[in-house]
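Please work from the sequences and hints to get the whole structure.
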Amino acid sequence: MGTLYLVRHGQASFGAADYDQLSELGAKQSARLGQYLAAKGLSFSAALCGTLRRQVDTFDGIAQGGGYTLAAQPWPALNEFDGEAIIATVHPHPLEKSTEAQRYREHFRLLRDGLRQWMNGVVSPQGMPSYQAFRQGVVEVLDHIRKHHEGNVLLVSSGGPISTAVGHVLATSPETTIELNLRIRNSSVTEFDFNPKRHNLVSYNGLPHLDQPELADWITYS
1 MGTLYLVRHG QASFGAADYD QLSELGAKQS ARLGQYLAAK GLSFSAALCG
51 TLRRQVDTFD GIAQGGGYTL AAQPWPALNE FDGEAIIATV HPHPLEKSTE
101 AQRYREHFRL LRDGLRQWMN GVVSPQGMPS YQAFRQGVVE VLDHIRKHHE
151 GNVLLVSSGG PISTAVGHVL ATSPETTIEL NLRIRNSSVT EFDFNPKRHN
201 LVSYNGLPHL DQPELADWIT YS
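Mapping the sequence shown onto this note's numbering, position 128 (from 1) lands on 128, and the numbers just tick up by one.
Taking lysine to aspartate or glutamate pairs in the DMTMM-like style, the calculated list, with each CA pair at most 25 Å apart, reads: (1) 40 to 191; (2) 40 to 193; (3) 40 to 60; (4) 40 to 214; (5) 147 to 193; (6) 28 to 60; (7) 40 to 217; (8) 28 to 217; (9) 28 to 100; (10) 197 to 150; (11) 40 to 211; (12) 28 to 214; (13) 28 to 211; (14) 197 to 143; (15) 28 to 191; (16) 197 to 140; (17) 147 to 191; (18) 28 to 18; (19) 40 to 150.
Simulated restraints on C-beta separations: (20) 76 to 121: 20 to 26 Å; (21) 124 to 1: 35 to 41 Å; (22) 176 to 208: 21 to 27 Å; (23) 71 to 13: 23 to 29 Å.
If you are wondering where the hints come from, they were derived from the structure by calculation, not from laboratory data. The structure displayed is predicted, hence computed values, not measured ones. No residue lacks a Cβ here, since even glycine has one placed at the ideal position from N, Cα and C.
Listed below in structure tokens is the structure:
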């Protein structure tokens with residue numbers, strides 16, 4: 001038996017040529033989370049992490065901030081889906097030039113539509129597995145944790161795999177899983193209790209490490 005802490009990566013570089021790197025704020029969010037977890041007296045029997053740069057750097061920030069010395073086991077199944085490939089299935093042309101706020105809204109409108117079609121088997125984004133295969137990879141990670149670990153386990157991933165894990169545990173519809181995904185915040189913590197038979201959701205998308213008023217502008221979504 002134990003508790004699984006699923007952490008979304010810190011703020012990445014939305015709108016930059018290379019999204020897959022933490023912003024300066026994303027690095028601070030990660031270190032702050034590590035400090036918070038250590039201050040609570042939490043130790044971890046194991047850690048798992050996707051292999052994307054923003055995920056690995058988030059784990060490293062948590063470890064450094066909290067003084068943790070354990071290494072994270074790399075799990076490619078915890079990597080995020082390719083959002084640009086998904087958007088291309090419903091909007092194959094570059095987005096029109098507009099204000100930053102307009103581009104942001106249009107990006108997530110198209111992403112929602114593309115996710116819905118991918119998850120329902122309507123489209124096949126280039127270079128990506130089916131949603132069923134993506135979901136199965138996440139489920140296999142959860143099964144591994146239940147079978148091989150106990151105590152506190154740290155998992156660092158992205159919004160897609162974390163919302164998929166929550167959707168699996170709660171048996172939600174694809175539409176509900178999408179809404180969970182689009183609302184998950186950077187460096188947020190989701191908790192599952194687990195035993196050899198199942199996982200149970202305890203909390204979702206929490207930011208207890210950013211609860212102070214002076215850190216309100218550290219709360220981000222992309």
